[in-house]
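Chains as they are written, first to last, in this note's numbering: chain A, 32 to 760; chain B, 29 to 252; chain C, 11 to 336.
Derived by calculation from the structure, the hints in this document are not laboratory data.
Bear in mind the structure is a predicted one, so any value in this text is a computation, not a measurement.
All residues carry an ideal CB built from backbone N, CA and C; glycine is no exception.
One thing to keep in mind: the hints can contain errors.
Simulated restraints, written as ranges between beta carbons of each label pair [to be verified]:
(1) Arg95(C) with Val455(A): 54 to 62 Å
(2) Gly209(C) with Asn200(A): 54 to 62 Å
(3) Thr217(B) with Arg95(C): 17 to 25 Å
(4) Leu173(A) with Gln145(C): 16 to 24 Å
(5) Val455(A) with Glu53(C): 44 to 52 Å
(6) Pro225(C) with Glu680(A): 47 to 55 Å
(7) Gln77(C) with Thr448(A): 54 to 62 Å
(8) Lys219(B) with Thr448(A): 31 to 39 Å
(9) Glu53(C) with Gly482(A): 58 to 66 Å
(10) Gly230(C) with Gly758(A): 33 to 41 Å
(11) Asn206(C) with Pro174(A): 34 to 42 Å
(12) Gln145(C) with Ser122(A): 29 to 37 Å
(13) Trp356(A) with Pro134(C): 26 to 34 Å
In silico DSS-like cross-links for lysine-lysine, where the CA-CA straight-line distance does not exceed 25 Å [to be verified]:
(14) Lys167(A) with Lys141(C)
(15) Lys167(A) with Lys303(A)
(16) Lys241(C) with Lys219(B)
(17) Lys752(A) with Lys241(C)
(18) Lys306(C) with Lys197(C)
(19) Lys141(C) with Lys164(A)
(20) Lys107(B) with Lys91(A)
(21) Lys241(C) with Lys759(A)
(22) Lys741(A) with Lys241(C)
(23) Lys752(A) with Lys306(C)
(24) Lys759(A) with Lys306(C)
(25) Lys306(C) with Lys167(A)
(26) Lys164(A) with Lys12(C)
A short list of chain A residues far from chain B (calculated; beta carbon distances all over 10 Å) [to be verified]:
(27) Ile60
(28) Gln63
(29) Glu156
(30) Leu163
(31) Glu169
(32) Arg189
(33) Val428
(34) Arg434
(35) Glu438
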Amino acid sequence: MPQQKMKRVKTTITVNGETREVEIEVPDIEAQWGDPSNMRWLGKRIPRVDGADKVTGRAKYTYDIQLPGMLYAKILRSPYPHARIRSIDASQAERLPGVKAVITDLTREVNYVGEEVAAVAAVSEQIARDALKLIKVEYEPLPFVVSPETAREPSAPRVTPQGNVRGGNPRERGDVDSAFSRSDVVVHEATYSVPPRSHCCLEPHGLVCQWQGDKLVAWASTQGIFSVRDELAGALNIPASNVRVICEHMGGGFGSKFGARAEGVICARLAKMAGAPVKLMLEREEEQLATGYGPGVTAKVKIAATRDGQLIAWESETYGTGGVWGEASVPLPYIYPVPNVRTRHFDISTNIGASAALRAPGHPQASFVMESAMDDLAHRLGMDPLEFRMKNDPNPVRQAEYRLGAERIGWQRRNRTPGAGSGVVRRGIGMASAVWGGGGGAGSRPTVRIGPDGSVEVRLGTQDLGTGTRTYVAAIVAEELGLDIKQVKALIGDTDYGYSGASGGSTTTASVAPAVKMAAMGAKERLLATVSQHLQVNPADLVLADGQVTVRGGSARTLTWKQACALLGKEGIEVQGEWNPNLQGSGVAGCQFAEVEVDTETGKVRVVRIVAIQDCGQVMNRLAVESQIYGGVIQGLAMALHEQRLYDEQTGRMLNPNLEEYKLPGSLDMPDIEAIVYDNPTGKVSGMGEPPVIPTAAAIGNAVFNAIGKRIHSLPITPAKVLEALGKV
Amino acid sequence: MDDERDKKPQDTPEEVDASRRTFLRNLGVSAALAGLLSSGAILEERRAKRAEAETLQAPPAGAAELRGTVRITLNVNGKSHTLEVEPRVTLLDALRDGLGLTGTKRVCDRGSCGACTVLLDGKPVYSCSVLAVDAQGKRIETVEALAQGGQLHPLQQAFVEHDALMCGFCTPGFIMSLKALLDRVPQPTEKQVREACAGNICRCGTYNRIFEAALDASRRMRRG
Amino acid sequence: MKSFVYHQPKTVADAVRLLSQRDTMAIAGGQDLLGAMKDGLFEPGHVVNLKSLPGLREIRETSSGLQIGALVTLTEIAEHPVIRRDYTALAEAAESVATPQIRNVGTIGGNLCQRPRCWYFRDPHVHCLKKGGDQCYAARGDNRYHAIISPGPCYIVHPSDCAPALLAFGARVTIASAKGTRTVALKDFFQMPDKNLKGENILQAGEIITQITVPKPPAGTRSTYVKVREKDSFDWALVAAAVVLQIQGGVCRRASVVLGGVAPIPYESAEAAKSLVGKTVNVQTAAAAGSAAVAKATPLEMNAYKVPMAEAVVKRAVLAAAGVTG
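Chain A extracted, bound-state conformation (with noise of 0.2 Å):
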């Protein structure tokens, strides 16, 4: 490669859900996705290219692994939500026949329902199930406390030595008390609240862990196949080189499958001990109590705009649950400007397990805090809340998508006072905002390979989510190469293939496809160079589309793509490449709209329709971009109308650890949707999986006020809050 020119570009970067801005140096390579109406594959509709093996049952996720002499896994877990262990004695487990390994050595304290306590490997499932049963715990149980608000209390049980409530520290800019007491101000203050919800990823965490000799290869179901290689690799004392991780199909993570977790080290250990492949896969209800969960928040708030309706001064104080050591704190104010802010967040500790990231961390639950707030502040300075944000937000490209919106919506039949209409049934009309960053990180190593005989390769260690990955893979080289993404075969999910990071924070694509772009224009460029010395043409006037290369300016030379490939000798071409600021962009924009009935007899609302529109900058492939905010808009229509994690603060169990009671809304349940993929030329690619979950929850919410003229302040919005808010109770 010839001498570089370098630039220094900032980026976000995402380790376990967390994002956070660096700058760093990369190569400065002029690139450009080209104009989407001339291309082929990108920015059309792609059906996904693993999805017949999907649809028929042949695609083997970790879970469908099964290895000649392969192990099954259990773990046993504490029924207690705080306890120390006296004694652990697993005699008779490893008595029974067919128990092949036992462990007992994880932890001498637990401080949750669900924390490892012991884990047995056995010839089938039962086995290892009858096995567990006859492991004999001894606990001390200890004082716990599992609500936040109870363990804000000074006689609550200390969770940490330090005590349970952590931060506090005020943030603040501007003048915040003036701006609150000046004359020409409307103020409104409330309490608005989100329980923790569940990820509920379909297939549950789990590996499949085989030995051969002092190197491991793990199945994982993950979203960081490098990232469980590397927690391996530490935490059994051995090299990373050791360790090789295979994710081909994955049951979807929402932000909860990051490293190797307790359970994959488990199932190694186990698999050594054995000496037998070993596989762990969580049952449902270790998903809810032990995989983490997007916390809750519960915000005070204070808010104030000019009677004109600029906002002026926020003031919040807001407080969350992510276990022991957890955070849950939620970026505030949201998305629109405020030039006067004081917020103080508290982080309380408890005896319900850690959180983990789940899609747009902190996001949703900002949206409801603000978008409510912003609702009820409009009402009170008597203006349109569209109208309102249209005049505090000002991001251009959201302008644009709160006018098509409202078009697609009929944002002229909501009530205009809130609660204005009349009979049983009560319609209603709200909307909020979603903004989210999406941009990309240098790293990813894909490599593309071009045999002789016309074959087409791409290898990167990414995954595949669900989200897609594995598609526009092959369609970006597809479309560099002017072939049918039939030809192109694209290999992701195995960290045998070059470095690609965890699929989090919506920095795959904005990651992945620029790196994959330069890998198959670095090939293109090769191949022409061997054409156009066959063909004694410049390489600048070779056209390669369609499956041929021509020769610009009328000559009738062509060769067809296999031809052109049996130049390049045995040994083909292989060529890897490297990420491309200039391909990728960041902050992308949303908004929604939602039309919801509800019934003032029994409570319930439903949700009839919803407009969701958001921009991702250059799209890839149309088809999964509106996948991603139909399964946005629905995780969100189930966060505002159902899900909730439940704990009892009797006995510190969880009361929904399932998928009956936690509440998942299905078929009868979904509205009318229309998925709008806004086109912003931009020419950068930004991941989008995360922000359509933002704004539906605030946006649904906003329609039950539109609809009864009452705030439902605390999600789910169950019929027994409606009554309660309807006076009816």
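Position chains B and C relative to chain A; hints supplied.
Positioned in the frame of chain A, the structure of chains B and C alone reads:
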């Protein structure tokens, strides 16, 4: 339930019981298949329990009681398979771990999510909530049976084209629920489609596209 | 799930004999029991398969009404043309149960005998009153889904959808035991927790339901089942009501109103029924029936919302049964 009695499956337990030759043949098929599919654990479990099995080996059908490990025959996707299970083994686990048919997914294992949906005599059921021994003598259809000769079933084709799947873990269950619907109601309304898959949960959020795909598949199937 | 011996009786006599033994449970569709066994809530050493019993899978029409075998599935009830026409509330109730997959396997007998969904009861690590412990955790805990009408000391709600409908039609159940069979009115089948804390009905060890008999409704009978749940795809009733009315000349001659989701048993409101008899069904009389139905409600800390909800559900069911638009 009438049709259940009318359609006598090829390998009812009675026949297995009656013919030792058939019995052995089926066992052979099963062992070969199990080896092929690397269901080592099942085989080893069998070895671990050999002593018990030998003394308690009761023929499954017509027997007053099933105890320990019992030999059963399942008619799956038109083929009969013999395997050894304890009475507590669910149909789901027998399909996945015993026969290597991993297209049927385990998600909640409590009859709440639909990922394990298979058809039993044409009707969708949660295979996690049916005992394998009770599925004998019934026609069992799993997602693996739908594509014929490399050709996707119209429902599968429509799922792919409409992107009615993301992570894909719920997909086989939805497809089986909707396949049962289309077999019974070739021209369903959207309401019927929604009702047919009301026992299936998708976490990625593909419902609306699943409705589109099912209606599209119905049109394709009627066109032939 | 603990390992068990699986019994396959060929006669009811064999089944009840087996079931009178210790450590034994009956299974039909298994849609409730298998999950509870996986959770370790029940760990029977012996399970008796009722599905192998002959003669319990038919729906028979007789001159005096319907005979429904205990093994008839919920799908068969929901789709049965006569039930849909003449016993509409029952068909609607069966159709509202859980999901298509569960209705295809779950039986009517099992639907009547299913155990409560109370999350304290269902948690094998919580030793609640109903399981022989010394306190009802729901009384002081999270009781949002619990009873608003209960004599105590337990506050479960009965989860059956079909029971309120059958009760409203005056159904009877046939119970088989080693001593033979007996028939009791469904209203005498269910028991409040002050009478029977550990169970919800009169069945003793060694007894099973074999048949449900529903008397033929008099001419002019109309019925419906209305169920409110937090979500429409697979959810338990917050409140439900089965209403059966006999209307002649525009006047309600007979009425039965039975609520689900409000009490430890399907709750028949004689007050609501009485308020309708002799009246023309309209929005006012329907609302009065709703108010009468909840007159005795004493909600717990978190479930007061069920009171206005039950009023509305009864009102709607009465109007819908009568074919009056509200």
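Results of checking the hints against the structure:
In this structure the hint that arginine 95(C) and valine 455(A) lie 54 to 62 Å apart at CB is violated, the actual value being about 29 Å. Between glycine 209(C) and asparagine 200(A) the CB atoms are about 57 Å apart, so this pair conforms to the stated range of 54 to 62 Å. Roughly 22 Å separates the CB atoms of threonine 217(B) and arginine 95(C), a value that falls within the hinted 17 to 25 Å. About 21 Å separates the C-beta atoms of leucine 173(A) and glutamine 145(C), a value consistent with the hinted range of 16 to 24 Å.
Judged by the Cβ atoms, the range 44 to 52 Å given for valine 455(A) and glutamate 53(C) holds: they are separated by roughly 48 Å. Under the hint 47 to 55 Å, the C-beta atoms of proline 225(C) and glutamate 680(A), about 48 Å apart, fit the expected range. Checking the proposed 54 to 62 Å range against glutamine 77(C) and threonine 448(A) shows it holds: the Cβ atoms sit about 58 Å from each other. Roughly 34 Å separates the CB atoms of lysine 219(B) and threonine 448(A), a value that falls within the hinted 31 to 39 Å.
Between glutamate 53(C) and glycine 482(A) the CB atoms are about 60 Å apart, so this pair conforms to the stated range of 58 to 66 Å. For the hinted restraint 33 to 41 Å between glycine 230(C) and glycine 758(A), the CB-CB distance of approximately 39 Å keeps it satisfied. A hinted range of 34 to 42 Å for the beta carbons of asparagine 206(C) and proline 174(A) is consistent with their spacing of about 36 Å. Between glutamine 145(C) and serine 122(A) the C-beta distance comes to about 35 Å, which sits within the given range of 29 to 37 Å.
Under the hint 26 to 34 Å, the C-beta atoms of tryptophan 356(A) and proline 134(C), about 30 Å apart, fit the expected range. As the CA atoms of lysine 167(A) and lysine 141(C) are separated by approximately 23 Å, the hinted pair is consistent with the 25 Å bound. The straight-line distance between the Cα atoms of lysine 167(A) and lysine 303(A) is roughly 24 Å, inside the 25 Å bound, and the hint therefore holds. Only pairs whose Cα atoms come within 25 Å are accepted, and lysine 241(C) paired with lysine 219(B) is accepted, the gap being roughly 16 Å.
Among the hinted pairs, lysine 752(A) with lysine 241(C) is consistent with the structure: their alpha-carbon atoms are about 15 Å apart, no more than 25 Å. For the given pair, lysine 306(C) sits about 18 Å from lysine 197(C) by alpha-carbon distance, which is consistent with the 25 Å threshold. Between lysine 141(C) and lysine 164(A) the CA atoms are separated by roughly 20 Å; this keeps the pair inside 25 Å, and the hint holds. Proposed proximity of lysine 107(B) and lysine 91(A) is supported: the alpha carbons are some 22 Å apart, at most 25 Å.
A threshold of 25 Å between alpha carbons decides the hint, and for lysine 241(C) with lysine 759(A) the separation of about 21 Å falls inside it, so the pair holds. Proximity of lysine 741(A) to lysine 241(C) is assessed by CA-CA distance (about 21 Å); at most 25 Å being required, the pair is judged to hold. Only pairs whose Cα atoms come within 25 Å are accepted, and lysine 752(A) paired with lysine 306(C) is accepted, the gap being roughly 23 Å. For the proposed pair lysine 759(A) and lysine 306(C), the alpha carbon gap of about 17 Å is at most 25 Å, so the pair holds.
The suggested pairing of lysine 306(C) with lysine 167(A) is violated, with an alpha-carbon distance near 48 Å, which exceeds 25 Å. Our distance criterion of 25 Å between C-alpha atoms is met by lysine 164(A) and lysine 12(C), whose separation comes to about 10 Å. With a cut of 10 Å on Cβ distances, isoleucine 60(A) stays outside the contact zone with chain B, its closest approach being about 33 Å. No Cβ of chain B comes within 10 Å of the Cβ of glutamine 63(A); the nearest lies about 27 Å off, and the non-interface call holds.
Against chain B, the non-interface label of glutamate 156(A) is violated: not every CB pair exceeds 10 Å, the least being about 7 Å. Once the 10 Å rule is applied to beta carbons, leucine 163(A) is consistent with being away from chain B; the minimum gap is 15 Å. No beta-carbon of chain B is positioned within 10 Å of the beta-carbon of glutamate 169(A); the least distance is around 29 Å. The Cβ of arginine 189(A) lies farther than 10 Å from every Cβ of chain B, with a closest approach of about 36 Å, so its non-interface assignment holds.
In this structure valine 428(A) is separated from chain B by more than 10 Å, as the shortest Cβ-Cβ distance comes to about 24 Å. No beta-carbon of chain B comes within 10 Å of the beta-carbon of arginine 434(A); the shortest separation is about 25 Å. Every beta carbon of chain B lies more than 10 Å from that of glutamate 438(A), the smallest distance being close to 21 Å; the non-interface claim holds.
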